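> Produce the entire structure from the sequences given, and follow the hints as far as they go.
The number in my numbering is simply the position in the sequence shown, starting from 1, with 369 added.
Read the hints as simulated data drawn from the structure, not as lab findings. Among the hints, a few may not be true.
[Claimed, not checked] No more than 25 Å apart at the CA atoms, straight line, and that leaves these computed lysine-lysine pairs for BS3-like: (1) 519 <-> 643; (2) 374 <-> 449; (3) 374 <-> 508; (4) 664 <-> 508; (5) 574 <-> 664.
[To be verified] Simulated DEER-style distance windows between Cβ atoms: (6) 411 <-> 661: 51 to 57 Å; (7) 590 <-> 472: 49 to 55 Å; (8) 485 <-> 561: 39 to 45 Å; (9) 505 <-> 479: 18 to 24 Å; (10) 572 <-> 372: 29 to 35 Å; (11) 405 <-> 476: 53 to 59 Å; (12) 434 <-> 689: 17 to 23 Å; (13) 666 <-> 479: 38 to 44 Å; (14) 588 <-> 632: 22 to 28 Å; (15) 434 <-> 662: 49 to 55 Å.
Computed from a predicted structure; not experimentally measured. Think of the CB as a built atom: it goes at the ideal place given N, C-alpha and C, for glycine as much as any other residue.
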Amino acid sequence: MAKLKVGVIGVGAISGAHIGAYMKNPDVELCAFCDINEERLKAKGEKYGVTHLYTDVEEMLKNEKLDAVSVCTWNCAHAKCSIAALNAGVNVLCEKPMAMNAKEAEEMKAAAERSGKLLMIGFVRRYGNDMDVLQDFIKEDFFGDMYYAKANYIRRNGNPGGWFCDKSRSGGGPLIDLGVHVIDFVRYALGNPKPVSVYAATFEKLGDRRNLKTPKGYVCADHKPDEICDVEDLATALIRFDNGAVLNVETSFSLNVSEDRGIIEFYGEKGGAKIDPELKLYTEMNGYMTDISLKAQTALSFDGLFAKEINHYVECVLGTSECRSPAEDGIELMRILDAAYESAKQGHEVVIG
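Dropping the structure here:
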């Protein structure tokens, strides 16, 4: 069987995870890279031995007979690049968030339907070992009705700078960058219920904390000391779903808190769970409240995480698997984000029609 010919559009930091996974997949031939930054493009080409390099997406799609691409650009280019690839008859794996807003996301899905090609969204947390273990308990009805969840993805001094804090390129701050991960994690675990309303607030109080001498926890490769920073530094939202479940989410780039943290909690009629970072379970047995610690690797491991996602994508393109991260889910996530930012702007709950 001939190998799938794959290209990568956008060769910034996250592309390395995609590229490394493709190179290990025996069914893939990594053929071409595209990026508007010529210096970075050349460096990535030399690093990975890829010689077909382009600064224009349309040119790459015209000259290369590709079967699939990964879109790893700035958020503002996700829709444009994905639609161009789909229109050229190429399957697409688009990094999260799917687009800048739900309208763009729907246009992407329409392009996929017209072309008959796959549009998969990069919800990589769905493929983590912590999700695998959690699903084992969900399938056995350990939790019963899961009616409430809390999730936070908090950085104390972690504004990445670069395009991440430029709203024209990112679409927003920690909510659209970090919140996407935990919101999708919870929604996927709950069985992908549809969102019906959001009450949210965002704050721009601390910015990128460029006044601090303390080193940042995370810095974008394109970070510059005097760059624009017009995104929120903290966002909080209460999301209601059509099955009655509610998610309370908090996420920040900058916050006066003791330490960075990422905690996800689920509450059900029969039991509850906390991922911090190990998975712990809570229930009652024989008339006693009971805590359960698992003798297994339950903290999220990044070793092989993206490989699982990429391998699944390849299987979907080959027609041997059904997509676990379809465009429909990306649209629902964008509807949540749109409603959250609108709610924060208006100061009241926004109903999702």
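> Compare the structure with the hints numbered earlier in the document and write down the numbers of the violated ones, lowest to highest.
Of the numbered hints, 3, 5, 7, 8, 9, 10, 11 do not hold.
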